[in-house]
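Listed here are the chains, written in short residue letters.
Protein chains: 2
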Amino acid sequence: MIISGLLTSVAINFALCIIFFTLYSILRKQPGNYKVYAPRLLAAGKARRPRHFHFNRLLPTAGWIKNAWLPSEDDLLSYSGLDAVVFMRIITFSLKVFCIAGFIGIFILIPVNCSGNQLHDMDYINISNNSLEVFSISNVNNGSDSLWIHLGAVYFVTIVVCCLLYKEYKYIASKRIDYFCSSKPQPHQFTILVSNIPVRKGNTVRNSVENFFTENHPATYLSTVVVHRKSKVWTITNAVENLFSKIKNFRRVPNRHQYMHLDHLEQKLNEMEGSVRIDKSREEVRAAFVSFKSRYGAAIAINMLQGNNPTQWLTEQAPEPQDVYWPFFSSTFMGRWISKLTVIFSCAFVTIVFLIPVFIVQGLTNLAQLETYFPSLKNILTMKIVSQVITGYLPNLILQVSLKIVPPIMKGISSQQGYISVSEIERSACHKVIWFTVWNVFFANVLSASAFSLLFILLEFKDIPSKLAVSVPAQASFFIAYVVTTGWTSTSSELFRVIPFVASLICKPCNRKKNEFTVPSFRYHQDIPKILFFGLLGFAYFFLAPLIIPFLLGYFCLAYIIYRNQLLNVYAPRYESAGKFWPVVHDSTIFSLVLMQFIAFGIFTLKKLPHATSATLPLPIITLLFNEYCRKRFLPIFMAYSTETLLKKDKADQYYPDMPQFLEQISAAYQDPALAPMVYSASSDNLREPLIPTAQVRG
Amino acid sequence: MIISGLLTSVAINFALCIIFFTLYSILRKQPGNYKVYAPRLLAAGKARRPRHFHFNRLLPTAGWIKNAWLPSEDDLLSYSGLDAVVFMRIITFSLKVFCIAGFIGIFILIPVNCSGNQLHDMDYINISNNSLEVFSISNVNNGSDSLWIHLGAVYFVTIVVCCLLYKEYKYIASKRIDYFCSSKPQPHQFTILVSNIPVRKGNTVRNSVENFFTENHPATYLSTVVVHRKSKVWTITNAVENLFSKIKNFRRVPNRHQYMHLDHLEQKLNEMEGSVRIDKSREEVRAAFVSFKSRYGAAIAINMLQGNNPTQWLTEQAPEPQDVYWPFFSSTFMGRWISKLTVIFSCAFVTIVFLIPVFIVQGLTNLAQLETYFPSLKNILTMKIVSQVITGYLPNLILQVSLKIVPPIMKGISSQQGYISVSEIERSACHKVIWFTVWNVFFANVLSASAFSLLFILLEFKDIPSKLAVSVPAQASFFIAYVVTTGWTSTSSELFRVIPFVASLICKPCNRKKNEFTVPSFRYHQDIPKILFFGLLGFAYFFLAPLIIPFLLGYFCLAYIIYRNQLLNVYAPRYESAGKFWPVVHDSTIFSLVLMQFIAFGIFTLKKLPHATSATLPLPIITLLFNEYCRKRFLPIFMAYSTETLLKKDKADQYYPDMPQFLEQISAAYQDPALAPMVYSASSDNLREPLIPTAQVRG
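Chains as they are written, first to last, in the numbering used here: chain X, 112 to 810; chain D, 112 to 810.
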């Protein structure tokens, strides 16, 4: 990419950001847009329509920034939950790391880089078109001792990041325990999901579960809710509902012929109801929510092998009631397994398909190549402004749009993997999106410059560092543009909420119910990978081309204010995983560190400084050992609570006055919403009631 | 290797076997050799010196074979434990598999192989020297359709082995549960080992443990035994003992001057005793055996995360008291970790060092090469008998001797890995020896023919099948000789117990205490890898060169009788892991299967039958999925007992009359034998007692 292209990109995006900010600060004050910009406040009754019109409403103001800045972490915790706090801490962690790395980069490495003259010696490089490279490591002379400063910087940043990671992991782990200790009794703390329940002939699932748990957990067992297969019952339910509305219509317009028909229909309804009842016993899935009298009792049932056949009586922590993903209860052991295998193949397929836009992007950044493919475009392409837009802005726009659709796709794939809660699905999708981004944005972009066959490159393992060392610095300006486009603009558009805003504009005329709106939930699987990927870019480039860091810092500052604002005004937490996203963040930061060290290894080999090359070797080993230690030290805390904590909490509950009432209501919390009993025909009153199946408490 | 060399080897080894059998059947009847050939019977008082001399004693008889054959599996179970049964089942499993594979190999594949004429077409191969190859797959014509029969055989054997493996895993898992259910209450079932105990300042380890468990497991906690560091206390103990014997000597020869000296010494003794007492409180290691009132209580403490810091309060099942490996209680979390890393490096080092004898062996099998290196040996080497011994017998002898010392080395390495029981050490050593054997005997021998640099071969992953396809059939006769030498002879020498026999001969004249002898324990880590390796050879060769199977079957029959005999007469079980060796066997059989499939893949590529090549591809995938299923289905049973089983057993114990007494004695079982309190000076009576520290029951 040529430098003017980069500048064009920065200019366009800066302008877009300003526009978004201005528009937002005006539009958010219009009561008609409260649904878009403050649905959460509206739902809480905090956003009220002003009585009088102020001219102030039409001026852009920055008051919202202050409002987003002011609340403390504890306020955020009590308002949006621990997951939101963890999310914000990813941003502050990145800010801390890149302030330090940026300081080293700008004030130490850039002067060193500029003092070299490797690029001047190589006459065949057109300096004017690559002037950014003067600030990069490429300009340091081969074999120069000043490369030791770069090595020192890599060591220093590795150590700083490890210390910060350790501190952060420890902090979030303690927050997680505190959060649990200060939480009110919640149904999911007392409940487990049992799957693959063995049922003897002539016995029901409910009986099997009750027998098993009253025998093996007599002191703590409380109640059981058996899960039902949705699809078939749904079909019948829908049929009944259709029939029901037909009858209703008939009653409204009574005439003799139709009354006869009505009798026939009511008979049919009775039959169907019978079949629903029979079907319910038949359609019990071999899974059940089992509740216990204490958290410790539930934890014991989760951690111990229950039956002598380890594929039966599988136990896991129940998700929060509102977090349960009802459509997918693949109850058999083999079913879950097969769906897992299918998911792996789907992911591979999606990854390969998405290489196509990446290669288009690569083609655009190499205009010369494009000209050879499409000679007819030559006249247009040689226009300066066109070439600048094409090389600077267009590639990133294509990438950005194609990447926008990846998180929903990955979530769709994850939902087929047999997870029983939305939070698990989003966590799994988060993993998938991270690796997809690293693979398809970073590696595909970096390496396709040298070869199109990515897989074959990665098979030749020992050549990777040197290949990265050649290609990564060459893509510095591309990724600066990426930070500016995808980082700045897409974050500002997150503030502006382009799609919901446009949707509300379109729906306004045709929407009759004015007070209907939904409070969206935060899409962690979309935004966490984005932030982590910018972190990866920062690590990969901070010692190669430190010029990227200021742009990154700008992004993180933007993200800090904007996401805080959105968490406070727009999104309501749908579930609370109590910080379970942090291990994902930790792992991918470690990956970024090791990638940085590999690139350093390759660079020092390339720059002919063998001693520095061997001096980098201990770094990945130390980093991975550190990671291993953290896995053992902190990860178990994110998997389960300790005996100590559980017992303390259970003891504290003895003094909680509503406890008996709470225990009675637990099983009602896990009622499958699609499966509440329907009694339409029994009394004719029902026919006038709205068509909402009422939930009954079972067990 | 030339065919006459192979015949020589078979002849020598057959003769050796006959000699060993004859000698054994005579020597075992001499009362002087009871210590060597029936120490277990002797210890049980079942082997009595005959009153009169019978001439029969000097004749070889085969009565012992009948005695070894007759006992049923249940007899063996009650006499030698479940581990011995599992060991014998490895042999019977191999016998079953190779009877089927041998039938296919001999009656289907050999006729097919012989009908080909690939080798006749290639004039440059000297048939007379390679006549064994006529029976092997090398003789089948390239592209011949009869290779599909080989593919069918590979499929058939894979399916048969998977079925047998599943059946066997299921059988042993059920045996394991039965064994547990029928066992008497044993201390280790009620006890856990807690390590990395956090201790506050001014508190002892004992207090910390007692506080923690009385608070968190009030209903089930029973008692605590804190572990002490051995080395330093041992030093002081030895010093006290020395001093004590000095005083004793002085008292025997009383005179005035010495009495004064004696006073001085007694004063010193008092001081030292004080220091031992102080030292004991200081030398508490942060590990303790904690006992519970029920098995279920202990299991809960093992499976649950105890403290909020997952590196503290680590819990694991306690080993049987006699199985505890006292010298190594690396109590810190980091200590265990570092020792694990060290062990990995030591293993790699040992593996590399042992490549040297392998290459010597390779040199010997290629005599021509040896002649070029040492021209002066030419005259000797051209003598027929010398060349036959050198190519046929010597290489295997070298391998056998060098492999003999590997199991003890691996056990030594494993003992530094932080395991706290001998059984775990031996199981870990078993793993190490298996991989060592596969690597250094199979791969090194097979591949060194084509290249010395093994590592580089394995880095080029995709070439492995074709390389194996070329080199594995070429080594068929070498491995037949290996089966005959290492298999037949070393198993017969196991019967004859060469080293203990020679040792007893040497010791007899200088051994005063005639009745002293030790009952050895079975070295599972030495014999299981041997059997598994022969299994691997069988799988690798059954469709390449089926001629190896009869030799293998001979070996397994020998092994069946001999090991049964030894388990009944010689070895006493030192510990009972209740079948925990079986998962090792399962995994390595799966490895052998996949290796066979890889070789098949390579062979079909080499033989230019592309459809057959692609038809082998599903095989490893199916096999690995099968393995994954078995891991989930059976492995957890070998890790822990289920709630169901534990509660059933605990309930049954309520009717066991000695239960209260048993619970009282549990903590005494885990007394560190080196650490019993010493009170020598308190009463002068003690001075006349023998110097055996008496064990006191604590806690």
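Some clues are possibly wrong.
Where chains are identical, the list cannot tell them apart; a pair therefore holds if satisfied intra-copy or between any two copies.
What the hints assert, rightly or not - No farther apart than 16 angstroms at their CA atoms in a straight line, the calculated lysine to aspartate or glutamate pairs in the EDC-like style are these: (1) Lys719 - Glu326; (2) Lys760 - Glu326; (3) Lys177 - Glu326; (4) Lys759 - Asp185; (5) Lys743 - Asp769; (6) Lys451 - Glu739; (7) Lys743 - Asp256; (8) Lys286 - Glu184; (9) Lys760 - Asp289; (10) Lys762 - Glu326; (11) Lys759 - Glu326; (12) Lys312 - Asp256; (13) Lys743 - Asp186; (14) Lys515 - Asp289; (15) Lys278 - Asp185.
Keep in mind the hints are simulated off the structure, nothing from the lab. Given the structure is predicted, the values throughout are model-derived calculations rather than measurements.
The hints, checked one at a time:
no. : hint            : result
1   : Lys719 - Glu326 : neither (72 angstroms within a copy, 63 angstroms between copies)
2   : Lys760 - Glu326 : between (26 angstroms within a copy, 13 angstroms between copies)
3   : Lys177 - Glu326 : neither (59 angstroms within a copy, 49 angstroms between copies)
4   : Lys759 - Asp185 : neither (23 angstroms within a copy, 49 angstroms between copies)
5   : Lys743 - Asp769 : neither (38 angstroms within a copy, 42 angstroms between copies)
6   : Lys451 - Glu739 : between (26 angstroms within a copy, 13 angstroms between copies)
7   : Lys743 - Asp256 : neither (40 angstroms within a copy, 56 angstroms between copies)
8   : Lys286 - Glu184 : within (11 angstroms within a copy, 57 angstroms between copies)
9   : Lys760 - Asp289 : within (11 angstroms within a copy, 38 angstroms between copies)
10  : Lys762 - Glu326 : between (24 angstroms within a copy, 11 angstroms between copies)
11  : Lys759 - Glu326 : between (26 angstroms within a copy, 10 angstroms between copies)
12  : Lys312 - Asp256 : neither (79 angstroms within a copy, 50 angstroms between copies)
13  : Lys743 - Asp186 : neither (31 angstroms within a copy, 45 angstroms between copies)
14  : Lys515 - Asp289 : neither (36 angstroms within a copy, 57 angstroms between copies)
15  : Lys278 - Asp185 : neither (18 angstroms within a copy, 58 angstroms between copies)
The structure is inconsistent with the numbered hints 1, 3, 4, 5, 7, 12, 13, 14 and 15, although it conforms to all the rest.
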